[in-house]
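Participant: Fit chains B, C and D to the supplied structure of chain A, relying on the hints for placement.
Residue numbers (the working numbering), protein chains in the order written: chain A, 477 to 630; chain B, 477 to 630; chain C, 477 to 630; chain D, 477 to 630.
All clues given are correct.
A pair counts as met if it fits within one copy or between any two copies, since identical chains are not told apart.
Computed cross-link-like contacts, BS3-like style, restricted to lysine-lysine with a CA-CA straight-line distance of at most 25 Å: (1) 613 with 593; (2) 613 with 564; (3) 564 with 498; (4) 593 with 564; (5) 510 with 613; (6) 510 with 564; (7) 593 with 498.
The hints are simulated quantities; they were obtained by calculation from the structure and are not laboratory data. Predicted model, so just to flag it, every value in this text is computed and none were measured.
Number of protein chains: 4
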Amino acid sequence: MAEPSEITSLDGELRDGAHHMKVRVFYEDTDFSKAVYHASYLRFMERGRTNFLRLLGTDQRALFEDTEREAPSGFAFVVRSMQIDFLKPAFMDDILDVVTQPDQVRGASITLLQRCKRDNELIVEARVRVAFVSNGKAQRIPRALRLAMGAANH
Amino acid sequence: MAEPSEITSLDGELRDGAHHMKVRVFYEDTDFSKAVYHASYLRFMERGRTNFLRLLGTDQRALFEDTEREAPSGFAFVVRSMQIDFLKPAFMDDILDVVTQPDQVRGASITLLQRCKRDNELIVEARVRVAFVSNGKAQRIPRALRLAMGAANH
Amino acid sequence: MAEPSEITSLDGELRDGAHHMKVRVFYEDTDFSKAVYHASYLRFMERGRTNFLRLLGTDQRALFEDTEREAPSGFAFVVRSMQIDFLKPAFMDDILDVVTQPDQVRGASITLLQRCKRDNELIVEARVRVAFVSNGKAQRIPRALRLAMGAANH
Amino acid sequence: MAEPSEITSLDGELRDGAHHMKVRVFYEDTDFSKAVYHASYLRFMERGRTNFLRLLGTDQRALFEDTEREAPSGFAFVVRSMQIDFLKPAFMDDILDVVTQPDQVRGASITLLQRCKRDNELIVEARVRVAFVSNGKAQRIPRALRLAMGAANH
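Isolated chain A, as found in the complex (with noise of 0.2 Å):
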């Protein structure tokens, strides 16, 4: 209980061509087998994703100013299909880091490799196809996006 507290960036940050974030399991996150529910991972994940787009927007301002003239409506990934692998339980209290790195860019989806771990224990994975949506919308993946995507890969 009485570990000291890591210093974060609220949004995680950009490295290695991923995204990474850490999250602390919460009451609100297990359930009474005393592990974590298996749909509050989608919920880590959805975070990674959504703190992945901002920093993107941060780091890569120019391809992402682009994108946004593309879209002037505002923008989001919508999830199509997933495949998920629960792999170990986590609990209470535990540390995870959940990391989104793009895995497949094409014109019309979007494939992210995401994974929760405690430290080098693999705790969840999961491909996560997402679509591209603008004006309520799916829209071809703008050019730029798909650039600033790659460049963080990179």
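Facilitator: Chains B, C and D alone, transformed into the frame defined by chain A:
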């Protein structure tokens, strides 16, 4: 585990001036303490308020149509404050009765009395003050809605 | 808002080898995109799996008692992996049919096919591989449970 | 979207007798009204209480070790009642300050004052009465914990 499944009404029912609704406790509602997570009761009570309004709309259709005329773009209750007592724990697989009834119906706000019970045991009791919001703004509560609430109450 | 309330069975029902359960979409299930939040479907499907097991216990009582003899301290399904497709959005006040059926029943794991439908529209479809956990450990699936699942299926 | 990421402490910090913690609003926290779902604030405040206890354990280690001696199987705060005011809406991407401080520390219960703020705007304010639970039962609050809370407060 093997108790026979109760026949119930999907949205609960109005009876004796109150809305009654059965809620089954699932994994998602519990936490690692083994009991129901405290914020889950707010979700149960919100389902009760939503269904109370839904059934009032069927039961008191004429009064509700008057309300809809005063709020043509739709309306909702928004919680302004609540006083809530967590009296006993509830557990996985429990069936709770969520009972919602008007407590004070005034021009600017309505206070609802909401109870979660397991058979005759009171688990949670709350007084919930809601405002009537239409068109994105708090509005005076339409007379027809106040009458519909009063009619439900007698 | 004023559609009459359906009579339903609190825990859903077994029919044609599948478990069927109605779920109403509430505020808690949606997000600011206006549609149902993607992880909410995992909560709906977990309710389906829990109730499927519950009703199987009533319906196939003799086989279930054999299972309980093999797992005297209780048992549960734990999700090992899932493949999930989010095909269409669902919205506040929608009534969804959550349909759960055995897809592959093997010694070490069961794959369930789960679908969330709104009338005849398929909203979400998932294949969910679960392990049988008793006494805190994954166990071979008792023959009686495999038979009960098969019996439900025919 | 592109504001630079704040450096923060994962578990918040103790300052001026209060626990301060930043919480980012994600999709999961909102509902289709576009604002934060009312029960989400209870999740934010529970994170605040959990981290307040965690940091108190680090900061006032000697007093905490006395507490742990009196409750060797571990202990937790359990919410008995709360009075909560929802003053203004918060929205997706907002950063909230969750501030937790002892209000009344008595032998049988502690009342915490908890506030969610966005810059200088007060969004939610609550008084939360918690009991000290150890070994599955409510216990008198150990003198050392009362001292640790008092020490945090000055």
